[in-house]
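S.K.: In case you want the letters, here they are:
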Amino acid sequence: MYNKEVRGPLVEGNKSLGQITREVVAPVEATPGLWWSIAFVLASAATIYGVYAIYITVYKGIGTWGVNNTVGWGWEIVNFVWWIGIGHAGTAFSIFLLILRQKWRTSINRSAEAMTVFAVMSAALFPALHMGRIWLAFYIFPYPNTRGPLWVNFNSPLFWDFTAITAYLLISASFWYLGMLPDLATIRDKTTSKIRKALYGFFSLGWTGSSRQWIRFESLSFVLGGIAAVLVVSVHSIVSTDFAVGIESGWHSTIFPPFFVVGAIFSGFAMVMTLMVLIRKIYKLNDYITDNHMDAIARILIFISLIMGTAYLTEIFVAWYSGNMYEIFAFFHNRITGDYTIQFWGMIVCNALIPQLFWFKKVRRNWLGLLSVSLLINIGMWWERYNIVITSLSKDFLPSNWASYSPTPIDIGVYVGTIGLFATGVLLFMRYIPMMAISELKGVADIGTKKED
Amino acid sequence: MAKALKIGIFDNEEKFISSIKSLSEEKYEIVDVFTPYPVHEVFEVLKRKSRLPTAAYFIGLFAILSTLGFLYYAAVIDWPVVYGGKPFNSFPSFIVITLVLTILCVTIGSLAVFSARSKLFPGRDNTIFDNRATDDKFVIVLDADSLDETGADKALNIMKVTGAIEIISKEFENVKT
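If you're matching them up, the sequences are chains L and R in order.
With the numbering used here applied, the first sequence has no gaps in its numbers, which climb one by one up to 453 at the end.
With the numbering used here applied, the second sequence has no gaps in its numbers, which climb one by one up to 177 at the end.
Hints should not be assumed to be uniformly reliable.
Distance condition first, Cα-Cα at most 20 Å in a straight line; then the derived SDA-like pairs of lysine to any residue [as the list claims (entries may be wrong)]:
| hint | chain 1 | residue 1 | chain 2 | residue 2 |
| --- | --- | --- | --- | --- |
| 1 | R | K15 | L | A198 |
| 2 | R | K21 | R | E44 |
| 3 | L | K197 | R | L156 |
| 4 | R | K160 | R | K176 |
| 5 | R | K47 | L | S219 |
| 6 | L | K190 | R | E44 |
| 7 | L | K15 | R | L156 |
| 8 | R | K15 | R | R51 |
| 9 | L | K281 | L | W36 |
| 10 | L | K60 | L | Q356 |
| 11 | R | K15 | L | K103 |
| 12 | L | K281 | L | D295 |
| 13 | R | K176 | L | K60 |
| 14 | L | K197 | R | N126 |
| 15 | L | K197 | R | G123 |
| 16 | R | K176 | L | R212 |
| 17 | L | K194 | R | D130 |
| 18 | L | K103 | R | P38 |
No wet-lab data here; the hints were simulated from the structure.
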């Protein structure tokens, strides 16, 4: 099946199994470079700013944010949706491609899943803080309580959202950890340090690589992959219903669930690309994450970008075709022209136009090209969420209600803090966990190579 | 209880598989084989099967029924509240929660089944017969106690002929697999 040279080898350089182990484990065994320490300090500083902002938010209340009666959802919801979108990469990447038997995922899935876990952790902070009285957050759990028992509203997308995100975090973390077991065992058996042997031994749960373990491991991966694939589609659809059930013009739209899911996968893949370019550059792992891998991600990004462009046009068309004056106002006088022109056109340019550069092989094969386009996509996706949340809220049906919105340093602090949290997580991941699924790489090492035995 | 074992080490997947094939044709008792990555032919030759999907199916069925049952109890029997004129048992809006919780239960449940059946949990110290098995070697472990001398010699010979790079005879205390 894989004998034809469609993609070229998945692992370049004719590596032996032992060599794969050594090269992938090397960053875990080595002392990190100076860049790592500097990045870690910066990430921690950002996290500390975030902790301060959260402290103020909890201590004084969400009056310290820029939100007001009209614009009740500000940066926090924008960032929440943004992070959840990024958090779709891991599952989209590893689970969809696992089910489609796309073997080229092997060198990327581990980092994509790590990213997912940290992004969803960052995302989950926002709705929790947005509750205002975070110490009453447990009210959202449906448990037999002394207040009636009064149950939560099972018809509300806000409750679905809570369920979906909690489940998503637990499931993606489990999937990530399960995949790590054989590799943690590899480090346990390979390392010379006693501390590492004990720690990785503990966390590898006694993995030995016996045929009995492997067959259950494989069948569990497929069970989890198959069932969690639904989540890739469901989580962001549920997030979109938070908006779509509202009556605000610009939100009240049936296009939202697919539009959000595609957007989520778009920003997730873009973040995977950013991370992969950096990992390739820093750790010199070009033999594992080959040019062909980057090329494949870039091609997927063009495709999704076209869907995004179509979705934007569809929204605009439907607003005009509906003949509803509020919809027409929201799209034509508040986004395309009007106060939010920059955000709207920023979104169009970054998400629908710039990724078209990937049609050119020169851009797909150039690391700076890949890095800058993927970063621009993530900025564009942030603008998109800003557009949806802020423009619709700030000018709704009654002009007397109109208000403007600008974030305070506390809003910015929470956002910067989550970026710091994400970066800290990714840096720790690079340092302590093998960045690629070693056992899976060994399984695909001879695909596409012409080895003579 | 100490157990005498014969351990054959291979550095090539094909040789390793042909060795297992010959050993199982001769009806030798293979304790287990250890590989750095899943090798599907091994599962076929040793007739390894996993019933995990079946377990997952029943966990899922249980999760669906109990979630729907709970939602019905909470929203219809225990404390009915009218939300936006919808019926108490507004089934379509229960689907989302049921779906998500089913996925969560299947994940956690089948992980638990996996952990119990494969005996993998924090602090577990399964016997490592050869620590190169997680790196780049393929390992066959034979039970030497069940063999007489000629049988053992024949088994070792099979492994040698099929291309084992090393054969170790060793006793292990408290074998845990």
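S.K.: Decide, hint by hint, whether the structure agrees.
M.R.: Here is how each hint holds up against the structure:
{"no.": "1", "hint": "R:K15 to L:A198", "verdict": "violated, 33 Å"}
{"no.": "2", "hint": "R:K21 to R:E44", "verdict": "holds, 10 Å"}
{"no.": "3", "hint": "L:K197 to R:L156", "verdict": "violated, 32 Å"}
{"no.": "4", "hint": "R:K160 to R:K176", "verdict": "violated, 26 Å"}
{"no.": "5", "hint": "R:K47 to L:S219", "verdict": "holds, 15 Å"}
{"no.": "6", "hint": "L:K190 to R:E44", "verdict": "violated, 29 Å"}
{"no.": "7", "hint": "L:K15 to R:L156", "verdict": "violated, 30 Å"}
{"no.": "8", "hint": "R:K15 to R:R51", "verdict": "violated, 29 Å"}
{"no.": "9", "hint": "L:K281 to L:W36", "verdict": "holds, 13 Å"}
{"no.": "10", "hint": "L:K60 to L:Q356", "verdict": "violated, 46 Å"}
{"no.": "11", "hint": "R:K15 to L:K103", "verdict": "violated, 24 Å"}
{"no.": "12", "hint": "L:K281 to L:D295", "verdict": "holds, 16 Å"}
{"no.": "13", "hint": "R:K176 to L:K60", "verdict": "violated, 57 Å"}
{"no.": "14", "hint": "L:K197 to R:N126", "verdict": "holds, 14 Å"}
{"no.": "15", "hint": "L:K197 to R:G123", "verdict": "holds, 12 Å"}
{"no.": "16", "hint": "R:K176 to L:R212", "verdict": "holds, 13 Å"}
{"no.": "17", "hint": "L:K194 to R:D130", "verdict": "holds, 18 Å"}
{"no.": "18", "hint": "L:K103 to R:P38", "verdict": "holds, 14 Å"}
Of the hints listed earlier, those the structure fails to meet are numbers 1, 3, 4, 6, 7, 8, 10, 11, 13, in rising order.
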